[in-house]
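Please arrange chains B, C, D, E and F on chain A, whose structure you already have, making use of the hints.
Protein chains in written order, with our numbering: chain A, 1 to 140; chain B, 1001 to 1140; chain C, 2001 to 2140; chain D, 3001 to 3140; chain E, 4001 to 4140; chain F, 5001 to 5140.
In short, the hints are calculated from the structure, not lab data.
Each hint should be verified, as a subset may be incorrect.
[Claimed, not checked] Simulated coverage check for chain E against chain A, where a stretch passes if three residues somewhere in it have a Cβ under 8 Å from a Cβ of chain A: (1) 4101-4109; (2) 4112-4123.
[Stated by the list, open to error] One-sided excerpt, in silico: chain A residues whose CB lies under 7 Å from chain C: (3) 77; (4) 78; (5) 101; (6) 105; (7) 114; (8) 120; (9) 124.
All C-beta atoms in this analysis are idealised placements derived from N, C-alpha and C, irrespective of residue type, glycine included.
There are 6 protein chains.
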Amino acid sequence: MTIHSSTTPESRLERGKRALDEIDGKAGQNVIDALAGIAPDFATYLFEFPFGDIYSRPGLALRDREIATIAALAAMGTAQPQLKVHIEAGLNVGLSREEITEILMQMAVYAGFPAALNGLFAAGEVFAARAAAEEGMTCG
Amino acid sequence: MTIHSSTTPESRLERGKRALDEIDGKAGQNVIDALAGIAPDFATYLFEFPFGDIYSRPGLALRDREIATIAALAAMGTAQPQLKVHIEAGLNVGLSREEITEILMQMAVYAGFPAALNGLFAAGEVFAARAAAEEGMTCG
Amino acid sequence: MTIHSSTTPESRLERGKRALDEIDGKAGQNVIDALAGIAPDFATYLFEFPFGDIYSRPGLALRDREIATIAALAAMGTAQPQLKVHIEAGLNVGLSREEITEILMQMAVYAGFPAALNGLFAAGEVFAARAAAEEGMTCG
Amino acid sequence: MTIHSSTTPESRLERGKRALDEIDGKAGQNVIDALAGIAPDFATYLFEFPFGDIYSRPGLALRDREIATIAALAAMGTAQPQLKVHIEAGLNVGLSREEITEILMQMAVYAGFPAALNGLFAAGEVFAARAAAEEGMTCG
Amino acid sequence: MTIHSSTTPESRLERGKRALDEIDGKAGQNVIDALAGIAPDFATYLFEFPFGDIYSRPGLALRDREIATIAALAAMGTAQPQLKVHIEAGLNVGLSREEITEILMQMAVYAGFPAALNGLFAAGEVFAARAAAEEGMTCG
Amino acid sequence: MTIHSSTTPESRLERGKRALDEIDGKAGQNVIDALAGIAPDFATYLFEFPFGDIYSRPGLALRDREIATIAALAAMGTAQPQLKVHIEAGLNVGLSREEITEILMQMAVYAGFPAALNGLFAAGEVFAARAAAEEGMTCG
Chain A
1 MTIHSSTTPE
11 SRLERGKRAL
21 DEIDGKAGQN
31 VIDALAGIAP
41 DFATYLFEFP
51 FGDIYSRPGL
61 ALRDREIATI
71 AALAAMGTAQ
81 PQLKVHIEAG
91 LNVGLSREEI
101 TEILMQMAVY
111 AGFPAALNGL
121 FAAGEVFAAR
131 AAAEEGMTCG
Chain B
1001 MTIHSSTTPE
1011 SRLERGKRAL
1021 DEIDGKAGQN
1031 VIDALAGIAP
1041 DFATYLFEFP
1051 FGDIYSRPGL
1061 ALRDREIATI
1071 AALAAMGTAQ
1081 PQLKVHIEAG
1091 LNVGLSREEI
1101 TEILMQMAVY
1111 AGFPAALNGL
1121 FAAGEVFAAR
1131 AAAEEGMTCG
Chain C
2001 MTIHSSTTPE
2011 SRLERGKRAL
2021 DEIDGKAGQN
2031 VIDALAGIAP
2041 DFATYLFEFP
2051 FGDIYSRPGL
2061 ALRDREIATI
2071 AALAAMGTAQ
2081 PQLKVHIEAG
2091 LNVGLSREEI
2101 TEILMQMAVY
2111 AGFPAALNGL
2121 FAAGEVFAAR
2131 AAAEEGMTCG
Chain D
3001 MTIHSSTTPE
3011 SRLERGKRAL
3021 DEIDGKAGQN
3031 VIDALAGIAP
3041 DFATYLFEFP
3051 FGDIYSRPGL
3061 ALRDREIATI
3071 AALAAMGTAQ
3081 PQLKVHIEAG
3091 LNVGLSREEI
3101 TEILMQMAVY
3111 AGFPAALNGL
3121 FAAGEVFAAR
3131 AAAEEGMTCG
Chain E
4001 MTIHSSTTPE
4011 SRLERGKRAL
4021 DEIDGKAGQN
4031 VIDALAGIAP
4041 DFATYLFEFP
4051 FGDIYSRPGL
4061 ALRDREIATI
4071 AALAAMGTAQ
4081 PQLKVHIEAG
4091 LNVGLSREEI
4101 TEILMQMAVY
4111 AGFPAALNGL
4121 FAAGEVFAAR
4131 AAAEEGMTCG
Chain F
5001 MTIHSSTTPE
5011 SRLERGKRAL
5021 DEIDGKAGQN
5031 VIDALAGIAP
5041 DFATYLFEFP
5051 FGDIYSRPGL
5061 ALRDREIATI
5071 AALAAMGTAQ
5081 PQLKVHIEAG
5091 LNVGLSREEI
5101 TEILMQMAVY
5111 AGFPAALNGL
5121 FAAGEVFAAR
5131 AAAEEGMTCG
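One chain only, chain A, in its complex shape (with noise of 0.2 Å):
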């Protein structure tokens, strides 16, 4: 779960493409995909500041860092889509289901009730279609 290369040096682009394939998966590239027609080189700014600089630091696990990801996306009420993203991403990284819904409770007392209840409904549905997706591979 380390994100740092250690044998070759690596481009800010190329550390952050794979820093946002292993935390983000299909999601992420997902938003970078939509972005194509709009505004290519924003893309390359994700991946390079929040994935090649940031989430690349060693001084934070990468669980930590979604911990810390999904509170401020639900305190602040405003990324619904981007909330759903991490809720996905900390999945990847290692936190529980429970673990992730203990956080989103938690926001009831930073920013409300309907902050909690709005991140509670968004990794419901996450849950779901994560859920759905494993019956469907154990199944097919």
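Using the frame of chain A, we list chains B, C, D, E and F on its own:
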């Protein structure tokens, strides 16, 4: 670092007081004292719901809860006094200064550079005050 | 229109359930139902703190509490589903459609014209649904 | 406590000045004075739209309008100076200290505990300043 | 591209209607129409204060005013319908698609990447709808 | 007033330092200095992404970028220190005091009168400090 009492039943208020004391320490008590002359019932609610209910739940470690709170308050940008209390609380429950700094820098991605800067400056004040207090204890 | 029970002691949960039912009616129950599969404990907290504790306090009339809630949610602009629930609740506890419209228009002053517009459009939907339901009851 | 002039037609500006004076008193005048050197036209707009148009409308009592304003400003958390002016205004148009305290505590539910705390501390300052002024009037 | 009428005195309402029509075009009229059944007086205020007063002031070009509005609405993140109206308005008063895209990307710095992303996706929808309409006019 | 270097390739960091110096001047340097003891890496990011990447892009004039930033920060209401830095920056890159005042007044429409007022008072402080400094230079 567990908050759940095991032998005797404990009221929400008692459990909340114990959790607030463990997590926020003196900074939490200052908030309670400041409420005494304005809205003493609100001090009770503050013990009971955030600390007696939420922080006392077993599904997420206190250290992880403080990551979430620091991130949320820095991202919202409307609660500088509470952010300082929880930077202090983060140190109390096991976050390092480096980890707190990483959380705050990461908020640049989700809430913008000013939110991160204002959070980092708040942390700078808390760290300096704590270093001064620690030095006082050593030298005195 | 009082929520305080006079004869028997009542738990926060019971009192909250009664208050939520009186204030939010079916819309409140829908929220509780939606939480069942995601975070049932949060439904308990929602009964207990907002409704069992805060709305059940005697110092402010329910009608006045709904003025405050409608104003706050419209000004924040991050809680459209909850704003609709509380426009409905406002009607339930004695606010007229005209008064609710005035509250929302006033938010243009404090949170800007978009906040007021989005609040007014939410009210338009609630008023229309309610008119349709009332007509249904009359005609059926 | 009515703002509508009955006998002579009155301009928006005149009506707004009268309403601002009635509602906000000296605190409102301080804002107007502070604008004089920066943006005097904005003082005119402040008289005209919020006070000459909105607060002067008959569909909602001034007391109810101040409930809405206090709730909105406390929930937003970005307007502490204006919140203090309107806590003062609430007292001017008939809200009790207890009612204002209830409104602010209720904001914990919708905007989080920090918003409620910061609102309560603002109220504590306004109440103390007013108590000091009243004592001065009595003793002097 | 000037809004100030030179020969005859014009009421705020007339001036606002003319400005709204020039700036927002059909999208602005849709908002006014939607208000008709809910709060017709608010449509009047919307003509008068934002458009009759503010946008009609000579001290800042309409193009510059739309830069400010697009930036503010994207940064706030609570007014997607109004953001789309003003992306359209920006095109109407002389901003290029590239300039609007730059403004929205820049919001990543001040309000975070999600605010920029949601703004860019809104712009993508407006640009696509406009391209479709232009093609329709050419081919029809 | 162009930031793009024409002859030699320049790193993002160098370009960002040059842009920050041109745009924010001494106020920007103060922010960098304040970060030195808390999070020096964040100073690097601040040079690189906002200034080395975004402000250095050719698609929008610096003057227009500052309109967007002043509007966004005033509308958000959570970044008064940064708003002051960018009011100063706006003057540095060619906005007049009148234009900045117009931008801030316009925010009343989108973010409410308190946001506009707090922005105007921030501008008042910046204008006064600058007038004092200019007078000092003339008289000294």
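Margin query: Tell me the numbers of any earlier hints that the structure contravenes, in ascending order.
Written below: Hint check: nothing fails, all pass.
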